[in-house]
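Participant: What follows is each chain in one-letter form.
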Amino acid sequence: MSDIRRSGHRSAPKSRPNYAIPIVVLLLLAVGAGWWFMRPHAAAPNTLTIYYTKMDGTTVKPWDVTLRPRPAGSTRAEWAHDRALYAALQAVVGPPADIRAVRFPPGTRVIDVAIHGSTVTVDLSKAVESQPGGTFGENAEFKALVYSMTALPGISAVQITVEGQRLPTLPGGHLELDEPLHRSDF
Amino acid sequence: MNRSIARISSALFALCLALLCVPRVAVAAPLWQFAGRTFAFTHVERRDATLMVGVDDPALRRLFHALGAIVTWKPGARYVLIATGEPTIVSFAVGHRTYDIGPLAVRSKAAPFAHGGEAYLDFDALTRSLGLRKIADGATTILQPQITNLDVRDEGSGMRVVARGAIPLQARLVRASKRQMTYAFVGVGSRLSHLRSVDAGGLVAVELSQVGTAAHPTTYVTLDLDGSSHVAQVGSLDGRDIGFVIAPGASEVVLNAPAAPAPSRSTATPPPTTRVSVALRPPPNAELPTVSPWNRVANEPLATSPPVAEVTPAPLVALAQINAIQAQLTTTGVTLHVALTGAASFDWHHLRAPDNRFWIDLHGATLEPTAIPPSTGAPITDIRARQIDPQTVRIALSIAGAHDVTVTPAATGVDIAVNGTLSLADASTAGTGVAGTGTPSVALAAAAPVAGGDPNLWSVNPVAAYVPTNPRLIVIDPGHGGSDRGAVRHGVAEAVLTLDMAKRLRAILEARGWQVIMTRTKDVDVYAPNDTAEQELQARDNIANRAGARLLVSIHANAYINAGPNGTTTYYAKPIDEPLARDIQNELAAQVGTKNDGIIKSHLYIPLHAFMPACLVETAFLSNPDDFALLTDPAWRQKVAVAIADGITDYAGAPPPAIQPQQ
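Protein sequences, first through last, are from chains E and G.
The working numbering applies: residue 1 is where the first sequence begins, and numbers increase by one.
The working numbering applies: residue 187 is where the second sequence begins, and numbers increase by one.
One or more of the hints may lead you astray.
Have a look at the derived ranges for each label pair, beta carbon to beta carbon [stated by the list, open to error]:
1) 98(E) <-> 284(G): 44 to 50 angstroms
2) 75(E) <-> 226(G): 35 to 41 angstroms
3) 304(G) <-> 126(E): 21 to 27 angstroms
4) 216(G) <-> 56(E): 47 to 53 angstroms
5) 54(E) <-> 322(G): 43 to 49 angstroms
6) 251(G) <-> 74(E): 27 to 33 angstroms
7) 320(G) <-> 32(E): 17 to 23 angstroms
8) 226(G) <-> 56(E): 32 to 38 angstroms
9) 166(E) <-> 223(G): 38 to 44 angstroms
10) 74(E) <-> 291(G): 15 to 21 angstroms
11) 126(E) <-> 381(G): 43 to 49 angstroms
12) 233(G) <-> 74(E): 45 to 51 angstroms
13) 166(E) <-> 281(G): 49 to 55 angstroms
Below, simulated DSS-like cross-link-like pairs (lysine-lysine); rule was C-alpha separation at most 30 angstroms, straight line [said to hold, decoys possible]:
14) 126(E) <-> 260(G)
15) 54(E) <-> 825(G)
16) 61(E) <-> 825(G)
17) 54(E) <-> 364(G)
18) 787(G) <-> 825(G)
Chain E regions said to be covered by chain G (calculated; three or more residues, Cβ under 8 angstroms) [what the hints assert, rightly or not]:
19) 91 to 97
20) 109 to 122
Think of the hints as simulated: they come from the structure by calculation, not from any bench.
Idealized CB from N, CA, C, for every residue including glycine.
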């Protein structure tokens, strides 16, 4: 490149800008192409990534679900709430029945969700307290729920409540639920 | 006359016509039959001749309950979300005919609508999504539950057939031969294809046939075999499904989920034939001490000294105690007064919208748990206070909206004033100061903007450089106990097994020169009978924290709703826990012969609230038959104790030499 530029300079010094413009254009194209291919994947607004925990009790796997159609006229906050509620419901119910996953106790219901800043509160029904004992289920269930909820844009923490009440830990107690859970807690 | 006759005739004709038409105009309450029960829906509407039923209809709610389905909807919501028992999520959007059954998009005849604070759904769509088939039967319509899914999967070692339906399935073997096994599913019909060819893993085909009446159907599922394979019914993964495993050749079927789901810990009723008596004897070569100052009341301050003097005890620092947090409503908002018994330095952080959180760390302070008020008043929506390390208390506030927060040191503590009016400032702020020095005005650093929030604001601080005040001391926590039995299977309680393993571990560690405290030495609650889980767990952490132990190991037995999961796992929470967890897990994996499930980080209370390196060992699964046999074997429990002791040695080396108390 430098040889070409030098030879150009010797033979026709006034034509130098003719090389600079294509180079700038090429650079811009390269930057643009780089951005295009490297940009964060913009998920479709009604497709959600939900996680479940495999039967090893710790490996989380994603699967996609679709909430459709987006009702016309809903505000951004309403849409965020609907998506979060759907995500929580999917995470608690778990993946399709033929997939082996650690699942919440049968009958566990998502009563509602509420978003405050970067924290989403997921209110669960009392059935979640019917754990079979041991750390295995509690850890795997809430890990999947936390991964699912923090896959929502702008959400980094999940506060668990049971029928509106914050619980330090489930009865019998292994997992601490008093404070919002983050992915880094698992 | 003729005219009046004609008038009367016309009127009579009109009356007859009206009477004939009345039943067509009114919406009759349809009768439906499900599992022998009749349901009459009353919240019904019609849209274009389509029956729409309100989600709050009492009969529909009973039907949902019978099916194990859960509806999530409230007035004003845009979606009606139903978790079916199968389990699948069905989502209806108000005003849209397309609805989703799991990944399947379907169109209903009429779009859901909201009317009078209730959502109405196309009943045809609803029954379909719930796995029910409608069959007319005179004046009523029968809702026949269906086998909705028959999954045939090649698992390498054999075939697995799993059936799921609208209701929990039960299968009965009605015919068995070398070439055919037929199971009867009573109470369910099926519209799945009658024959599915497989030709793999010893399974030739699966045949379905339905017999009985519409109200009392039975579906036969016949597994056609190649003549040399074996079939075993393998119970249920979640209480709703039925599974079969077909193993080709003469080999026996290996069941990895053989038992029906076990009920929760407190309601486990052992079948009499499988009751196992567990011998809980101490190891023969160890004499177990019977007296320990730590076995009863965990929250008592350490009144008696351990028998061996500590090595290089850490200097005692007089800590200020937070003995009250008082909230006072002011004309501009609310002011919290944090009352301190001495001086403490502090730093605070305030995150602006959308997080609106505030926290203050008081250094050189301890927290009296009763100091935390349950609520304070607007605009503070939540207050939490916690001892995040031995000398630091964090008080955190959730604030409704963006408000100014002013921190002012006072003679007896520190005042936190939250202004009730919304603030326009948008930068996060932070500051430092010293409180409780006896003089009301102490240097307070100017508030400085901070770049961003701590994502783990509410988490307990990991203690990066923990210095034990008693480096010879190891605290062992036998999980559960007393009124909390832990997991219970076949009459064997986790609380009993953990105590036995802990005693064995104590004997080994003491023989190796460690000083050991157990959080309990009997089958008792550590805090109090029928206490809360938090009281119980914190009491165990308090024992280790107050004693300044070198490390804490909590011993447990795992369990799950089905017999599938097995193996040994060591859980940890804080970064300083990980090396200890890894060393213990490595020894367990090498010595005890269970499946090595590795170490797992989790947000567990016991290690999280222990200041020192701590971990929770889930030794094996009570819910797995193989693991259960090991857990109930005293020799195996001794192996576990030895492995944990070796892991502690790997991690901590030999115990430091004891120093005789000075005369």
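Participant: For each hint, tell me whether it holds in the structure or not.
Facilitator: Verification of the hints:
1. 98(E) <-> 284(G): 44 to 50 angstroms: 24 angstroms, violated
2. 75(E) <-> 226(G): 35 to 41 angstroms: Since the Cβ atoms of residue 75(E) and residue 226(G) sit about 39 angstroms apart, the hinted range of 35 to 41 angstroms holds.
3. 304(G) <-> 126(E): 21 to 27 angstroms: 25 angstroms, holds
4. 216(G) <-> 56(E): 47 to 53 angstroms: Taking Cβ atoms as reference, residue 216(G) and residue 56(E) lie about 49 angstroms apart, which means the hint holds.
5. 54(E) <-> 322(G): 43 to 49 angstroms: 45 angstroms, holds
6. 251(G) <-> 74(E): 27 to 33 angstroms: Between residue 251(G) and residue 74(E), where Cβ atoms are some 30 angstroms apart, the hint holds.
7. 320(G) <-> 32(E): 17 to 23 angstroms: 58 angstroms, violated
8. 226(G) <-> 56(E): 32 to 38 angstroms: 49 angstroms, violated
9. 166(E) <-> 223(G): 38 to 44 angstroms: 39 angstroms, holds
10. 74(E) <-> 291(G): 15 to 21 angstroms: 20 angstroms, holds
11. 126(E) <-> 381(G): 43 to 49 angstroms: 45 angstroms, holds
12. 233(G) <-> 74(E): 45 to 51 angstroms: About 23 angstroms separates the Cβ atoms of residue 233(G) and residue 74(E), which means 45 to 51 angstroms is violated.
13. 166(E) <-> 281(G): 49 to 55 angstroms: 36 angstroms, violated
14. 126(E) <-> 260(G): Answer holds: residue 126(E) to residue 260(G) is near 19 angstroms, not above 30 angstroms.
15. 54(E) <-> 825(G): 29 angstroms, holds
16. 61(E) <-> 825(G): 35 angstroms, violated
17. 54(E) <-> 364(G): Violated, because 35 angstroms separates the two Cα atoms, which is more than 30 angstroms.
18. 787(G) <-> 825(G): 24 angstroms, holds
19. 91 to 97: holds (count 5)
20. 109 to 122: holds (count 8)
Going down the numbered hints, you'll see the structure goes against 1, 7, 8, 12, 13, 16, 17, while the others check out.
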